[in-house]
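Trainee: Chains as they are written, first to last, in this note's numbering: chain A, 5 to 478; chain B, 5 to 478; chain C, 5 to 478; chain D, 5 to 478.
No lab work stands behind these hints, which were simulated from the structure alone.
None of these values were measured; they are calculated from a predicted model.
Each hint should be verified, as a subset may be incorrect.
Since the list can't tell identical chains apart, any single copy or any two copies may satisfy a pair.
[Unchecked claim] In silico lysine-lysine, BS3-like type, Cα no more than 30 Å apart, as pairs:
#, residue 1, residue 2
1, Lys-174, Lys-345
2, Lys-406, Lys-471
3, Lys-471, Lys-176
4, Lys-407, Lys-345
5, Lys-51, Lys-175
6, Lys-51, Lys-176
7, Lys-471, Lys-233
8, Lys-233, Lys-20
9, Lys-233, Lys-348
10, Lys-60, Lys-233
11, Lys-20, Lys-471
12, Lys-406, Lys-175
There are 4 protein chains.
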Amino acid sequence: MIRTSAEYHESLKAMKPNIYMGGEILGRDNLPGTEILDLTCDIAHNKEIQHLTTAKSHLSGETINRFCHINRSVEDLLNKQEMTRVASRMVGGCVARCMGTDAMNALSVITYQCDQAHGTEYHDRFLSYLRYWQDNDIVGCCAQSDVKGHRKRRPHQQTDPDLYMRVVEKKKDGIVVRGAKAHNSFAPLAEEIIAIPTRFLTPEEGDWAVAVAVPSDHPGVKLVCRGAKYRDRVSELASPLSGKGEIESLTIFDDVFVPWERVFLCGEAEFGGQLALLFALYHRHSYTGCKPAMTDVIMGSAALVAQYSGIEREGHVRQKLADLISVAELVYGSGIAAAVKSSKDGSGTQIPDVVFCNVARKHAGVNLYHEYDVLADLSGGLPATLPYSDEFVSDDVGELVKKYLARADGVSPEDIYKCFAWISDFSCSSMAGVLQYAGVHGGGSPVMEDIAILGTYDIMERVEIAKRLAGIED
Amino acid sequence: MIRTSAEYHESLKAMKPNIYMGGEILGRDNLPGTEILDLTCDIAHNKEIQHLTTAKSHLSGETINRFCHINRSVEDLLNKQEMTRVASRMVGGCVARCMGTDAMNALSVITYQCDQAHGTEYHDRFLSYLRYWQDNDIVGCCAQSDVKGHRKRRPHQQTDPDLYMRVVEKKKDGIVVRGAKAHNSFAPLAEEIIAIPTRFLTPEEGDWAVAVAVPSDHPGVKLVCRGAKYRDRVSELASPLSGKGEIESLTIFDDVFVPWERVFLCGEAEFGGQLALLFALYHRHSYTGCKPAMTDVIMGSAALVAQYSGIEREGHVRQKLADLISVAELVYGSGIAAAVKSSKDGSGTQIPDVVFCNVARKHAGVNLYHEYDVLADLSGGLPATLPYSDEFVSDDVGELVKKYLARADGVSPEDIYKCFAWISDFSCSSMAGVLQYAGVHGGGSPVMEDIAILGTYDIMERVEIAKRLAGIED
Amino acid sequence: MIRTSAEYHESLKAMKPNIYMGGEILGRDNLPGTEILDLTCDIAHNKEIQHLTTAKSHLSGETINRFCHINRSVEDLLNKQEMTRVASRMVGGCVARCMGTDAMNALSVITYQCDQAHGTEYHDRFLSYLRYWQDNDIVGCCAQSDVKGHRKRRPHQQTDPDLYMRVVEKKKDGIVVRGAKAHNSFAPLAEEIIAIPTRFLTPEEGDWAVAVAVPSDHPGVKLVCRGAKYRDRVSELASPLSGKGEIESLTIFDDVFVPWERVFLCGEAEFGGQLALLFALYHRHSYTGCKPAMTDVIMGSAALVAQYSGIEREGHVRQKLADLISVAELVYGSGIAAAVKSSKDGSGTQIPDVVFCNVARKHAGVNLYHEYDVLADLSGGLPATLPYSDEFVSDDVGELVKKYLARADGVSPEDIYKCFAWISDFSCSSMAGVLQYAGVHGGGSPVMEDIAILGTYDIMERVEIAKRLAGIED
Amino acid sequence: MIRTSAEYHESLKAMKPNIYMGGEILGRDNLPGTEILDLTCDIAHNKEIQHLTTAKSHLSGETINRFCHINRSVEDLLNKQEMTRVASRMVGGCVARCMGTDAMNALSVITYQCDQAHGTEYHDRFLSYLRYWQDNDIVGCCAQSDVKGHRKRRPHQQTDPDLYMRVVEKKKDGIVVRGAKAHNSFAPLAEEIIAIPTRFLTPEEGDWAVAVAVPSDHPGVKLVCRGAKYRDRVSELASPLSGKGEIESLTIFDDVFVPWERVFLCGEAEFGGQLALLFALYHRHSYTGCKPAMTDVIMGSAALVAQYSGIEREGHVRQKLADLISVAELVYGSGIAAAVKSSKDGSGTQIPDVVFCNVARKHAGVNLYHEYDVLADLSGGLPATLPYSDEFVSDDVGELVKKYLARADGVSPEDIYKCFAWISDFSCSSMAGVLQYAGVHGGGSPVMEDIAILGTYDIMERVEIAKRLAGIED
């Protein structure tokens, strides 16, 4: 089943209100960011890109939305990467739905491996749950980042053990979990929340090695939210994103009961850590699609404003564009390499290469603020000082505002206004802040990529190269 | 006379409404940013820093607010720089009043030099006007950046000649000017606007070589404005800046008549360009005070969040703080050098060194986004995803929010919340965007500093050094 | 035929002396760098890596040294890239033989395309010549960089038209060429020199559109050379590279006659420029193999010196290693993407993707000096101040030198000495300078990559993305 | 007394041979680097700069070489900084003599402070020794960097306690010291060596808290040396530096007896550490003079090669020059600030500001390799591939070499050759490696500057700023 956005809306409407935002308790109609999830439904019906946006389920053989698919080949990974870039360009940023997909892919591997090691039955449970996802074209998200308390202490060393989500009770028919997941982007718009651990766990930390899936309006689940919106404009100057935005959640599991069929890890500490890392790996691979799209947007905006200002042939402009292209394509190219050098797990799931994914994500992260710097540099100060659209259409000063916005010949004041209003939305608003923080921390901060890289890379092989060149014998 | 902020408010209240913002025409009470100008009044009454914030007028011998003072010595420049840093720390950013001061200092030199070259009488006019400023403790601003149209065309080559402000009529008792000045920060809160040219002018561009001062509610002056505010919080969590902000103006001179006694340049093209550069020079020197204060705020915030997270002793944290310190103090140190190596003009006004001012401003500009990157890096994602303050105090979820904000032992949830709310205000809001754009473009974009540096620096002296070392004889 | 290094030596010995270096005219025995070309022969006999170092000729079906092979598939490009990395690690830098290979691949395409456009017969000639290469396992090089004179003038605008190599006479049996090619690394050790244009050519520049192959001791060919060597050490401390080095040539074509069967372009201006670019493209793809190997050497050396100093677990050390890994693998990963996204030309030759090759080469180039900086940083000052090996073995001070070289327990003074002597060789010697300059300029300076990127990339597609997001309709 | 270089040579000649280099034991005539110390003598006789290069002794009232002077005022520090820049420009790099000067200045403070704290008599001894220096215009150096062994262990934790220099015996008439000092640049050309500790010392490390002065040919002192030279050229192409160079020493104190009158610290652990830091501080202030001179040389060379290539007006060339200027003048400007904000010690000695010195030195250090990158970028590959001067004058190929070196009209082949030969000397030779390593590590590695900065800077003041802005009350 591949749902339309209208069908997705029906489902949202039926959910119970558990969204706490701005002093109110809200339901799920009219939340900022809805249109982004809508798009993830609609692109699967877009014939031009269906080769990217749909896939054949390896369970049912049915054609499904690729966001519900488990990657089984190099081509799957390449298609997911490309779909992510295409969709992210359309929304000018995060496409919101890959978190759930990435969590499902990680679970498909770890449930299998845990079963192999411990004789557990997680993988079958997972496959049943996956079948439910695919049959219902579920929009899901992943709740990973625990609130973490004192940053130098492990989960079991925290003053309050709940600062990392944990099992507080095991019952015959299920478990009770307690904790809170921060930075849970778009969670209010997901139908299902998959909660997984956030870090390596030591053997005594089995209680924190828990992975579950719950409906996002499940009893005890409380979403404490915050939204960000692009500025509104008068209708004659509006863009597709005007007044639209995104939503973030601190997702609290206030002693939430989860039946066993939705528990995919419970107590196996070493697999808790591996699940954390593997989700991050899939998510970083998704970043090799969305982050180049962000750079596409930045370079397109920069090139547009340069053209409107008449400076598009200037040497320094072109050099800055070349720098932006380099960021985009080094990240995208390394993501391709991660797919090409991927490996197949025993479960049949395809796992992207760790090093290529991580150097790509790291490069994206360390360059993001610099890319905003380039955009600000080429745009001049106007995104920060642009008059409101009300004055553009005002009887008093509208004609003066139009007169003084003029730039290159032949570009209308309306187009100039929209260009700068968009750049202002994108780089000089609360949305800009969210995009900047997400660019640094989403899918893992640069320092986490370093850890992943160093934990995997064969440095000693390079030491041997150096020793041989130096004439040092072992 | 040194006014209090209350006296300044009285003056604002008496002004005519000519502020166009959000579809309304506003007067000057309750504009965002008022408290910043208030502070520039109040610090002159603060005994602890009066050695910085006041000066002795060289005209009247009276003690005046330093913002009304003409620099006459190395010490004046050092004191102005230090005052700017002190005040900018207090408001967490731009102190708003130095633009007027810098314009007055530039006029004091250029009116003198033009008189010497052309036998004009600008300098005496200027001194009378300065006396008015000092006697009334005027809050002024400088309107410099023309809207500029096609960026590759000179003023006289624009399709519409008004895209750079110009004289359209000379009368017996004064002149009529037309044009618009962009990025005119805090103009609605100024009592006087000084308009000056924005670039070098060729001999045929005498009409654009015009400098005037007008009251900011003068007939024909229209301020098309836009505000930015720090987010509001519930009162128990409020900070001094909550709900406060700043204001930007596109200041339109819609055929404004200016009497001769307020005209300080009119037709002398070469001095038009020199005035543009000299204002920029003074303003860049001011940046050597305010920009280190911005970095003080960033590093203080970064150190605070590190402390609250328990990671303040980590190597990478300390290295990032050292990098921030380096940015702050290289800029500040070079500003000191600019004062120490300043020169005295024939008018008696002290002019800071061009190269030291410009390398300092350039260094500040190219590092600003990186500083935000460091702050985002050390803060984690929470500034972008922090629940609203309503939920912190909510009966439903308040206790849960507090529980899950916990970090280092002994820090209250309130303080943690305020810390992250402040960082969110500063780095993840429309105010952040304004601060970022101002950091790049205010007082001149990095490329403008390059031009100023290269126009001044004795590269050929270095070429001679190289030739001598290479054995090349002239 | 796959030659051994001994067979290659026989061939060198038979060549006529035309190498001008240090006031002497030399033959080809005992030139610095010989051992590098030896290695390119020997690795084709190394069974462990023959899957990389050999290939099946598409002309003869014989197994040949991959350096003589024309890439016909994605796998060929991936194998060439990997072979280059493997071999470059062995020699600690440039593997010298890919220039010839890259030139042959470019000729295989351009001769075909020119024939298609102009009805010429270059491609058949080329195939005959290729057959000669493959049958004799020729070591070749590519002479591309003209000396270029005044950098702002095109070839036909130079005061001396010979500053770009050109045809000065066409005869019945061949042509006469004149000019000089700079930076012709390892040319004295090549048996064949392929000379091709260095830049885009305008229609009136047909005389400069010339591609020929000549034996490197051909009459009129004069190699004005310069060598660099790693420092010698006393034998008990020697490394495989001690006393070894490399050689550079200014290759002068002093009115050289070339018979038609060795002329592959002569007058077709547009294909002259395309040949220049296509060679550069293949060569930049080779850089995606050798440059990561350089970084392997740098990171291995840095990790080794950190280990010997006892600081290998320090946070800043590990972060610097992660940065080096990122450089290596972003470049390598994008090289993989360039192969995966390659296309097949009408001639059957596989052409790597332009953008991925160029962003990779650019990233390598802009980071090279920084990588040396990291190595110097982690090594401390000793590579610059290490006593000579004579003192290490001296009766007078040898024991003292050994005593004071001590670092981590259990590492012998000999190994410490060799480690620092190697780093000194690599980073603090005339060889280091050559490696640094080659890292910036070899295969194209960063600015050339920008030009290649901007000439290819679809910036307008990104502008359209921005316009759509801004609400601007075309 | 202000000696001439001839007088200095007489003194060198009389010294005993204790220099171990390349298997020989050498005396002090004809060592590389002599001409640099010569220059430090000769500039004190150069009337044009005597206001910088001489000073009035506060002991004798005599005019002395400023290198023998103790700084007593802001002006002294400013003059020393400027002298260092002027002299470093003349030699194209390190001026070699400031180390001794900086050590003497540090001793003048620490001996005084130690006496105040402990009732010792070091300061009088020091003043007598200073008088000897000034009366004889001594050329001295400072031996600071211990060889340090395992980098994670303190002096008293090393397997061999001698890896940091220490007192091994106290006698009635003096002490015996043992250890070795690495990176002791120009020590063979110094008449006196001042040895001081290299780091903070714990209370149990009194044996390592030792400061002494010995003649550099003192019994037991062994200098294990290494030289670097600029390449020689045929005489018609020679430069002032051709064949000249510098020398480095591993200075071994092989149980050296030092009489008490030359012992300036012996056992006072806390002052050992302070001496280490204070010498570093003075030396970093010297770097604010020499490092801008290095950048002067780099930018002069870059501008020269751009001019000879005809590209001196290109935008990217000018932007790179502006970047180099910024490095030079931020460092120099902060050095000026360090002098202006200096303080006077109880001994009367002027101490530069810690933070400004260290941010300046750090900025110089982190940019050095990048500056070389810019020079390589603008020079093209020729510095690495330039034919030897023998071929320039050869009958066989000399005319061809000259023909193909042509660049901008009107520049002779000789000048072009000299230009590139110089850049090759400076950036592509063993001298280049020494300059690069010295640029990173001389006077303290960047990480040492971070430690000095963080140990001094009032971070908590900035935290308070942030807390106030956040609304957090203490």
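Trainee: Does each hint fit the structure? Answer for all of them.
Mentor: Cross-check of the supplied hints:
For a Cα distance limit of 30 Å, the shortest separation of Lys-174 from Lys-345 qualifies neither inside one copy, at 41 Å, nor across copies, at 52 Å. When the C-alpha separation of Lys-406 and Lys-471 is checked against a cutoff of 30 Å, the pair qualifies only between copies, where the shortest distance is 19 Å, while the shortest distance within a copy is 69 Å. Taking identical chains as interchangeable, the C-alpha atoms of Lys-471 and Lys-176 are never at most 30 Å apart, the minima being 59 Å within one chain and 50 Å between chains. In this assembly of identical chains, the alpha carbons of Lys-407 and Lys-345 never lie at most 30 Å apart, being 56 Å within a copy and 44 Å across copies at closest.
Neither within a single protomer nor between protomers do Lys-51 and Lys-175 lie at most 30 Å apart by alpha-carbon distance, with minima of 48 Å and 61 Å respectively. Within a single copy, Lys-51 and Lys-176 get their C-alpha atoms no closer than 48 Å, and across copies no closer than 61 Å, so neither meets the 30 Å cut-off. Taking CA atoms no more than 30 Å apart as the test, Lys-471 paired with Lys-233 passes between copies only; the shortest distance there is 19 Å, against 56 Å inside one copy. Taking identical chains as interchangeable, the C-alpha atoms of Lys-233 and Lys-20 lie at most 30 Å apart only when both belong to the same chain, with a minimum of 24 Å there against 34 Å between chains.
Proximity of Lys-233 to Lys-348 under the C-alpha cut-off of 30 Å is found in neither arrangement, the shortest distances being 41 Å within a copy and 47 Å between copies. Proximity of Lys-60 and Lys-233 under a CA criterion of 30 Å is satisfied in neither setting, with 36 Å inside one chain copy and 50 Å between copies. Taking the shortest Cα distances, Lys-20 and Lys-471 never come within 30 Å of each other, neither inside one copy (65 Å) nor across copies (38 Å). Taking the shortest Cα distances, Lys-406 and Lys-175 sit within 30 Å of each other only across copies (29 Å), while inside one copy they are farther apart (69 Å).
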